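Residue numbers (this note's numbering), protein chains in the order written: chain U, 1 to 258; chain L, 1 to 295.
Hints listed in this document are in silico derivations from the structure and should not be mistaken for laboratory results. Quick caveat, the model's predicted, so the values are computed rather than measured. Ideal Cβ positions, reconstructed from N, Cα and C, are used throughout, including at glycine. Possibly wrong hints are sitting among the right ones.
[As the list claims (entries may be wrong)] Example chain L residues on the side facing chain U (calculated, C-beta under 10 angstroms, incomplete): (1) G40; (2) V53; (3) T78; (4) E81; (5) S90; (6) E173.
[Stated by the list, open to error] Straight-line alpha carbon distances no greater than 30 angstroms define the calculated DSSO-like cross-link-like pairs of lysine-lysine that follow: (7) U:K100 x L:K282; (8) L:K6 x U:K100; (9) L:K179 x L:K193; (10) L:K104 x U:K19; (11) L:K162 x L:K193; (12) U:K100 x L:K74; (13) L:K193 x U:K3; (14) U:K3 x L:K162; (15) U:K171 x L:K127; (16) U:K3 x L:K82; (17) L:K127 x U:K100; (18) L:K114 x L:K82; (19) L:K247 x U:K3; (20) L:K193 x U:K100; (21) L:K55 x U:K3; (22) U:K100 x L:K104; (23) L:K82 x U:K171; (24) L:K179 x L:K234; (25) U:K3 x L:K282; (26) L:K282 x U:K171.
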Amino acid sequence: MRKLLQIEYLRVSGYTAFKILMLGYFLAATTLFLSLHNFSFGPFQIFGQETLKFPYVWQNVAFVGKFLNLGLGIVIILLIGNEFSFGTAKQNLIDGLSRKQLVISKYLLLIVIALIATVFMFFVALIMGWANSVTITSSLVFKNVSFLLSYFLHAVGLMSLAAFIAYLFRKTAIATMFFLAYVVFLEAVLRLSIDADFTKYFPSRAISNLISTPYADFVSGMDLQLQNEAWNIYMLLVVFYAFAFFLLSIRIVNRRSL
Amino acid sequence: MQEVLKITNLSKSYGRIKAVRELSLTVFQGQVLGLLGPNGSGKTTTLSMILDVVKPDSGSYSWFGGEKGTVSRKQIGTLLEKPNFYPYLSALKNLEITCSIKEKGWENIENVLKQIGLYHRRNSNVKGFSTGMKQRLAIAAALVTDPDILILDEPTNGLDPKGIADIRDLISEIASQGKTIILASHLLDEVEKICTDVAVMKNGQLLELRTLRSQEKSKIRVIELATENKLNLKDILVQMKGVRVLKRLNSLWVVETKKPAQEINRMLAERGIYLTHLRERKKTLEEEFLELTNQ
């Protein structure tokens with residue numbers, strides 16, 4: 001596993017496009033969080049001064065951060081698509097990696113990216129909470145830190161879906177378009193056409209439901225799915241989906257010629 | 001001799017096209033096997049299947065008497081079709097990835113880059129390389145871990161004449177070290193110089209598999225003839241028993257026969273044909289290949 005990560009590091013460490021995209025992600029996140037005070041939803045100021053205090057800031061940051069995870073999904077599609085367009089997936093196989101290892105290395109990479117993004121979110125939330133909170137005690141500071149686990153699972157879930165789509169289509173452009181279309185509206189159209197309660201467990205919805213609209217305490221009376229607790233059924237469901245996408249990716253790569 | 005690769009009834013179709021049909025072949029340690037065949041004969045598909053890149057429809061293959069997985073591929077240096085590299089990485093970094101996958105150290109990288117003539121460009125990104133340079137790097141990648149077996153599919157593609165000569169010498173040197181090599185090439189002259197055995201394929205089938213040394217033992221001679229009276233010469237040659245006209249090369253007629261050149265000369269002189277050129281030589285691999293594949 002360490003060997004596969006080392007190989008992935010060699011692949012991405014010299015890839016300027018990857019570095020730019022990751023840097024773009026962190027810059028976009030920083031800019032977004034610095035301007036959170038100005039966010040409003042109708043008459044409600046969603047991210048007011050109160051919401052950036054401990055312990056609410058964890059959920060706040062995780063909720064905003066989940067929208068940026070789409071970018072991480074595109075990064076993964078780019079990395080996998082490159083392996084096919086450059087013919088390096090084939091070359092790596094010839095050199096001695098197994099088909100399973102080809103897939104495992106990319107899933108390991110996406111877990112590492114999700115971890116780095118989560119650590120980044122941790123520091124962002126910590127700094128913002130520190131700057132906006134009047135009362136700072138360790139129990140208050142870390143009360144809702146479990147929302148970062150939701151954020152991590154969200155990133156892993158979404159990137160796993162993206163990786164699966166990338167292995168399915170192999171072409172970066174087609175896979176990116178399908179991924180965005182699926183996450184943004186295809187699954188929503190499907191859910192509407194079925195119109196049943198179980199559709200909330202569909203992949204994209206389940207991943208999104210990990211961190212639903214924050215602050216039941218502040219945004220009461222609105223017809224929104226509100227969430228006060230990080231722990232929910234979707235955590236297990238997303239782990240299941242990520243594993244399923246991983247196994248399906250292996251199956252696709254195992255069955256096809258490279 | 002130890003069996004390195006055993007292919008049994010391997011077949012692969014692409015839609016209606018049968019790329020490889022029931023191919024069986026055994027490669028032994030130290031053998032330098034030339035895989036010949038016209039375009040579309042199934043050479044690359046065969047190599048792709050034994051490297052697990054293409055899934056066979058039926059049949060099987062085994063490396064080192066049983067191992068079919070990653071372990072065996074790590075012991076093989078391969079150049080298949082075109083060079084595949086991360087274009088945004090340097091030659092050095094690409095070879096580091098190759099070594100890491102093969103679980104070998106990086107200490108041989110600089111040596112092999114020097115050997116292949118790319119050391120001065122080791123830190124340049126591959127996307128700036130010419131076709132020939134990429135080909136050289138692909139050969140470097142095949143050699144960098146000092147593998148026991150080399151599989152080279154058209155290794156001189158895109159190289160200039162000096163590059164072709166360099167690579168030919170390099171392959172000869174490697175072959176002389178007793179390594180096993182499978183070489184697919186259109187350059188029959190190269191194959192003839194380097195290989196100990198040849199397998200000829202056409203339409204996915206193995207037409208012939210034999211050692212090149214058997215050619216030397218063969219009693220069939222190839223004789224080149226020339227005379228001032230060219231038309232008459234051909235007519236007479238066709239009528240002569242035990243003589244087969246192979247082809248005409250400018251002013252030369254090339255025949256195949258078991259008779260010695262002196263006897264042919266005497267027989268023609270009896271018929272009033274006096275030769276201006278008479279040379280006995282071995283049948284070239286190219287002549288045999290064209291004959292086998294009906295080209």
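Run through the hints listed earlier and report the numbers of any the structure violates, in increasing order.
Violated hints: 1, 6, 7, 13, 14, 19, 20, 24, 25, 26; rest satisfied.
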